[in-house]
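S.K.: Chain by chain, the residues run as shown.
2 protein chains.
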Amino acid sequence: MKDRTNAPIGIFDSGIGGLTVAKAVMEELPHEDIIYFGDTARVPYGIKSEKTIQLYARQITKFLLEKEVKMVLIACNTVSASALQSVVDLVNGLPVLDVITAGTEAALTDSSRKVGVIGTLATIGSHAYEKALKAKNADLDVVSRACPLLVPLAEEGWIDNEVAQRTLRIYLSPFNQQKPDTLILGCTHYPLFKDAIRKEMQSSEIRIIDSALSIAQSTRKTLDRHNLRNPQSDQGSFQCYVSDKPQRFQQLAERFLGRNIPDVHIVSLS
Amino acid sequence: MKDRTNAPIGIFDSGIGGLTVAKAVMEELPHEDIIYFGDTARVPYGIKSEKTIQLYARQITKFLLEKEVKMVLIACNTVSASALQSVVDLVNGLPVLDVITAGTEAALTDSSRKVGVIGTLATIGSHAYEKALKAKNADLDVVSRACPLLVPLAEEGWIDNEVAQRTLRIYLSPFNQQKPDTLILGCTHYPLFKDAIRKEMQSSEIRIIDSALSIAQSTRKTLDRHNLRNPQSDQGSFQCYVSDKPQRFQQLAERFLGRNIPDVHIVSLS
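Protein sequence lines, in the order shown, are assigned to chains A and B. Counting from 1, one number per residue, gives the positions in the first sequence under this note's numbering. Counting from 1001, one number per residue, gives the positions in the second sequence under this note's numbering.
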């Protein structure tokens, strides 16, 4: 098998949210090259059927394989919930990580008794986190809530204004009664609200799990386990591909990455 | 030419918002049969390229023609702005109405001096209302603002809570300085906020143009002009087609229509 250490890491999402994962990977693994695909022509996935999501996931995986990635990160909760196996089936044994598995593993500690999960309508409706958490600890109590306004708020840039804070208060108030010890941010947009979320949680003890950080840490461990770390000493490159409207992506990307993306390429998948 | 009076009216939108148009048409023309198509598999259109929107609009128009509609209502601002001609080119002279033309005509009166427009990012970015208004009155002052959070708020059912009211306050505050005499609701979701919008506007004189009502009135006039009114005395039928996930559509439809939809059919277009 040829040396793949110099190959890029492939990351994909239905749109822009997965950039929080790309950012966390850049910080955790600064010498890795990254190829990001955001399916901006077909976002959002959350309202689509499982069959459609699996088709899209296969198309994107094929695109990343053409780019000769050494591993695939599914930075989209909807794909993680509905199409992980479709990706695994295509990649010929390359490592595949997904945000749900990474977030679940980070959430579970010896002391976890009750875990809260927030996510989009699709993610919460799929019960994907609940199933993944209970598969590891059947006694765990899981409480969840869909927060459909957080993605549009993040994309509007309203991260900590009064509207965001009041929206979070409505969404999070059940958790202040239910008192989970851990709260999983089950959507790649939500790390942008981490400070605002902490403000709304009455218990300062609660652990907040940012699945972007979790998957970045799992990525480092996986690369080490497979001896796949990029040996270059330069900063890794970052290439971005989208399926439609690169301009809007570029505007929003700055908010997510905290830096500009010089080139966003447009590709059409089928 | 065969008698088309008994044929249904075709109404389409990228998703669910166009149901405000369907509702207004049902109230204005209770004896007309209606066929509604919502492209729920590919919503939202606003983030897509013009070429893609034109392709989708042609596919939907062909579907409505197969259903032998007698006229076509474009209940989607994005399609009205980007693909009206694509629809007109396909329909062999059947009447085609669109929400932008209808809203613009309703907004213009002898006394109009300054018109405000609110809509999605795509609609406002296209300057479609501004162009349509200025084509009829070059001296008109037009001020506009994108309100991207209103669609997700409507779909969450937060029509008049504190979050909705504070969001509207932020979006509408420039109009309280600019003082337009008329405000066009340039998105088919926005009629749901009509009361809340009126509360935020300091001038009680301002005319609020609901393009769903406007297009329903234009529909009545157009049918009369072409002698196309359905002669039946029964209440018209309502058939709904969507391209994905009929369940979610059905849930939300109740909020938009104020009544249940018994059958939602799923069709795939290409």
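Source of the hints: derived by calculation from the structure; they are not laboratory data. Some hints here could point you the wrong way.
[What the hints assert, rightly or not] Pair by pair, the computed Cβ-Cβ distance ranges are:
| hint | chain 1 | residue 1 | chain 2 | residue 2 | range |
| --- | --- | --- | --- | --- | --- |
| 1 | A | ASP224 | B | SER1049 | 37 to 45 Å |
| 2 | A | LEU269 | B | LEU1121 | 53 to 61 Å |
| 3 | B | ASN1137 | A | SER237 | 51 to 59 Å |
| 4 | B | SER1268 | A | SER237 | 36 to 44 Å |
| 5 | A | ILE266 | B | LYS1194 | 56 to 64 Å |
| 6 | A | LYS114 | B | ARG1207 | 22 to 30 Å |
| 7 | B | PRO1030 | A | LYS51 | 33 to 41 Å |
| 8 | A | GLN235 | B | ASN1137 | 50 to 58 Å |
| 9 | A | ASP234 | B | LYS1194 | 36 to 44 Å |
| 10 | A | SER49 | B | ASN1006 | 29 to 37 Å |
[As the list claims (entries may be wrong)] The following residues of chain B were derived to be distant from chain A, with all beta-carbon distances above 10 Å:
| hint | residue |
| --- | --- |
| 11 | ASP1003 |
| 12 | THR1052 |
| 13 | GLN1054 |
| 14 | VAL1091 |
| 15 | ASP1139 |
| 16 | GLU1162 |
| 17 | THR1167 |
| 18 | ILE1170 |
| 19 | GLN1178 |
| 20 | ALA1196 |
| 21 | ARG1198 |
| 22 | SER1233 |
| 23 | ARG1248 |
Predicted model, so just to flag it, every value in this text is computed and none were measured. C-beta: ideal position from N, C-alpha, C; glycine also.
S.K.: Is it true that the C-beta distance of ASN1137 of chain B to SER237 of chain A lies inside 51 to 59 Å, as the hint says?
M.R.: holds, 53 Å
S.K.: Given the hint of 22 to 30 Å, check if LYS114 of chain A and ARG1207 of chain B actually sit that far apart at their C-beta atoms.
M.R.: violated, 53 Å
S.K.: Compute the least Cβ-Cβ separation between GLN1054 of chain B and chain A, then decide whether it is above 10 Å.
M.R.: holds, 14 Å
S.K.: Please check whether ASP234 of chain A and LYS1194 of chain B have a Cβ separation lying inside 36 to 44 Å.
M.R.: violated, 57 Å
S.K.: Was VAL1091 of chain B rightly flagged as not at the interface, with every chain A Cβ beyond 10 Å?
M.R.: holds, 27 Å
S.K.: Taking C-beta pairs only, is ASP1003 of chain B more than 10 Å away from all of chain A?
M.R.: Fine: 40 Å to the nearest Cβ keeps ASP1003 of chain B off the interface.
S.K.: Is the nearest Cβ of chain A still more than 10 Å from the Cβ of ALA1196 of chain B?
M.R.: Answer for ALA1196 of chain B: holds, closest chain A Cβ roughly 14 Å.
S.K.: For THR1052 of chain B, is the shortest CB-to-CB distance to chain A above 10 Å, so the non-interface label stands?
M.R.: violated, 7 Å
S.K.: Do the Cβ positions of SER49 of chain A and ASN1006 of chain B conform to the proposed distance bound of 29 to 37 Å?
M.R.: Taking Cβ atoms as reference, SER49 of chain A and ASN1006 of chain B lie about 35 Å apart, which means the hint holds.
S.K.: Using the beta carbons of GLN235 of chain A and ASN1137 of chain B, state whether their distance is inside 50 to 58 Å or not.
M.R.: holds, 56 Å
S.K.: Between the beta carbons of PRO1030 of chain B and LYS51 of chain A, is the distance compatible with 33 to 41 Å?
M.R.: holds, 39 Å
S.K.: Evaluate the given range 56 to 64 Å for the C-beta pair formed by ILE266 of chain A and LYS1194 of chain B.
M.R.: With a Cβ separation near 39 Å, ILE266 of chain A and LYS1194 of chain B fall outside 56 to 64 Å, so the hint is violated.
Checked against the numbered hints given earlier, this structure breaks hints 2, 5, 6, 9, 12, 16, 17, 18 and 23; the rest are met.
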